[in-house]
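When you get a sec, could you build the whole thing from the sequences and use the hints?
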Amino acid sequence: MKALIVDLNNFSRYPTLSVGYLSAILKAADIEVETLSPLFFGVHGFPRRTREPAGLHMLKIANHIGATSSNPLIGKLHTFAKRLGGGTPVDDTAVIVDSFNKMLKSDIDVVLVSAYTMYFSATKKIAEICAQRNTPLLVGGNMFVVPDIARTWADIPGVTAVFAGEPEKILVQLVSDISAGKSVAGCPGITTHDSIAPPAPPLQNLDDVPFPDFSAFPWECYPNRIVPIMTGRGCEWARCTFCSDVLTSAGRQYRSRSLANVLAEIRYQREKHNVDLFVFLDLKLNSDVELWRGLAREIPRIAPGIKWTASVHVDSRKDNGLSREDLQAAADAGLARITCGLESGSQAILNSMKKGVKLDRLSQFIRDAHAANLSVRLTSIIGDPEEEARDIDETTQFLNSHANEVERVVVNRFALAPNTPATNQLAATETDFISLLDLDKTSSLIPHTNKRFGEFRHIKAVYRLLRIANQINRKPLIAHAAPFEGAF
1 MKALIVDLNN FSRYPTLSVG YLSAILKAAD IEVETLSPLF FGVHGFPRRT
51 REPAGLHMLK IANHIGATSS NPLIGKLHTF AKRLGGGTPV DDTAVIVDSF
101 NKMLKSDIDV VLVSAYTMYF SATKKIAEIC AQRNTPLLVG GNMFVVPDIA
151 RTWADIPGVT AVFAGEPEKI LVQLVSDISA GKSVAGCPGI TTHDSIAPPA
201 PPLQNLDDVP FPDFSAFPWE CYPNRIVPIM TGRGCEWARC TFCSDVLTSA
251 GRQYRSRSLA NVLAEIRYQR EKHNVDLFVF LDLKLNSDVE LWRGLAREIP
301 RIAPGIKWTA SVHVDSRKDN GLSREDLQAA ADAGLARITC GLESGSQAIL
351 NSMKKGVKLD RLSQFIRDAH AANLSVRLTS IIGDPEEEAR DIDETTQFLN
401 SHANEVERVV VNRFALAPNT PATNQLAATE TDFISLLDLD KTSSLIPHTN
451 KRFGEFRHIK AVYRLLRIAN QINRKPLIAH AAPFEGAF
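Start counting the sequence shown at 1; every next residue gets the next number (the UniProt record's numbering).
No lab work stands behind these hints, which were simulated from the structure alone.
Small disclaimer: the values here were computed from a predicted structure and weren't measured.
There could be a bad hint or two in this list.
What the hints assert, rightly or not - Here are the computed lysine-lysine pairs in the DSSO-like style, where the Cα-Cα straight-line distance is at most 30 Å:
1. 441 to 60
2. 182 to 124
3. 105 to 2
4. 354 to 441
5. 272 to 2
6. 105 to 182
7. 169 to 272
8. 27 to 102
9. 307 to 475
10. 27 to 105
11. 451 to 102
12. 451 to 358
13. 475 to 451
14. 475 to 272
15. 102 to 2
16. 169 to 27
17. 354 to 451
18. 272 to 307
19. 318 to 307
20. 60 to 451
21. 272 to 102
22. 475 to 60
23. 124 to 441
24. 182 to 441
25. 182 to 102
26. 441 to 451
27. 182 to 169
28. 102 to 125
29. 27 to 125
As the list claims (entries may be wrong) - Ranges between beta-carbon positions, derived for each pair:
30. 486 to 67: 21 to 27 Å
31. 201 to 347: 36 to 42 Å
32. 264 to 431: 47 to 53 Å
33. 318 to 183: 25 to 31 Å
34. 147 to 367: 44 to 50 Å
Here a beta-carbon is modelled for each residue, glycine too, at the ideal position from N, C-alpha and C.
Here is the structure:
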């Protein structure tokens with residue numbers, strides 16, 4: 001049997017972890033695998049944030065006004081400006097489809113598409129080709145845990161089934177049944193034109209999964225040779241009201257691999273692909289404090305000289321593994337960049353988000369990470385339903401107080417994903433300033449309007465926040481973190 005995996009999760013900085021897992025599981029079952037990575041054909045996906053030029057905050061504030069304005073004319077101008085900018089994955093549909101057409105040879109028994117929902121148009125055209133050639137097509141992706149989205153994709157002519165959840169236990173059987181023309185309706189996680197089942201249950205023993213296979217990816221096309229790795233699935237905290245990650249296939253409950261298993265993969269991937277750069281994709285790598293400390297302790301022994309990145313949660317646990325000594329140990333083991341969610345410099349907003357973060361403790365973390373010579377990266381959110389202009393100003397003040405210790409700041413607009421606590425609360429509560437629209441099945445988000453965005457004091461506050469973020473983002477990264485510039 002032969003399967004073709006189409007990767008529509010294109011990061012363009014390193015291979016796609018989920019596709020690596022699919023490939024490894026199928027190959028372990030003696031199923032031949034080919035992989036279509038759009039990067040082979042010049043499709044680079046969404047650009048990641050890199051060092052900013054001076055004055056970029058002016059363009060960002062204009063974009064913010066255009067994206068949030070209730071004025072139809074401003075909205076149209078904003079859409080037109082975005083089209084002029086170009087460079088979105090949707091623009092590359094023709095290239096992706098043409099590449100697929102060339103790779104779908106007669107000996108392919110089944111096609112697997114791993115996709116973000118923004119690739120709906122490309123998947124629809126791929127499905128047309130599969131239907132013409134009578135090749136079964138299985139589609140998967142993290143947002144198919146939302147039934148309305150799964151149904152929409154399952155109704156695409158040519159799509160055999162849509163899968164939601166973690167596929168490891170049943171992937172081989174699904175692929176075998178679909179390629180043989182058997183019905184998979186009613187199987188865990190499967191949505192078809194006529195049926196829908198709940199997401200497949202989370203895998204409990206993560207050590208049972210083979211190491212991801214990245215051999216088919218275009219290594220020569222990446223700016224740096226980076227391997228993605230994940231030590232656990234989910235988030236130990238799992239309470240932030242805005243977070244959709246804990247609802248998708250990677251986050252419905254927290255589970256961790258053993259330290260020995262993770263170290264063995266680091267050693268394996270380093271030798272196989274000749275890499276010294278690793279990106280840990282865990283939602284929060286310190287969810288399992290003992291594993292986090294184990295990495296810092298053992299990496300110098302099993303893989304001396306590697307560099308790596310991590311995202312962590314500066315939560316309220318008495319011991320969250322982020323003391324000055326812990327951070328220094330991780331830095332000595334090759335940790336180059338560390339990311340955490342600030343989200344807001346207003347303690348009231350953090351409490352509303354159930355973020356579990358105290359600003360004084362976060363400040364101490366930033367100082368300690370900087371003292372350990374780590375590149376500190378923060379994420380922040382504007383537009384929380386409880387947020388007012390003064391809360392944004394508090395975020396600006398917080399960033400300004402740490403401007404010499406932070407090297408990158410990511411400012412995102414608040415997004416409403418289906419079934420998050422924030423979304424459910426807004427849907428059940430009438431407010432004078434926030435209105436919800438219907439689910440956008442292409443973005444997997446629920447569009448909403450926030451009247452506060454139109455207030456002049458709010459726009460001024462956002463401008464001040466973007467200005468300090470731009471000042472921080474204009475700095476060059478410290479040398480040992482530079483290879484990760486632009487990587488997620």
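Q | In rising order, the numbers of the hints this structure does not comply with | A | Hints 11, 13, 14 and 33 not satisfied by this model.
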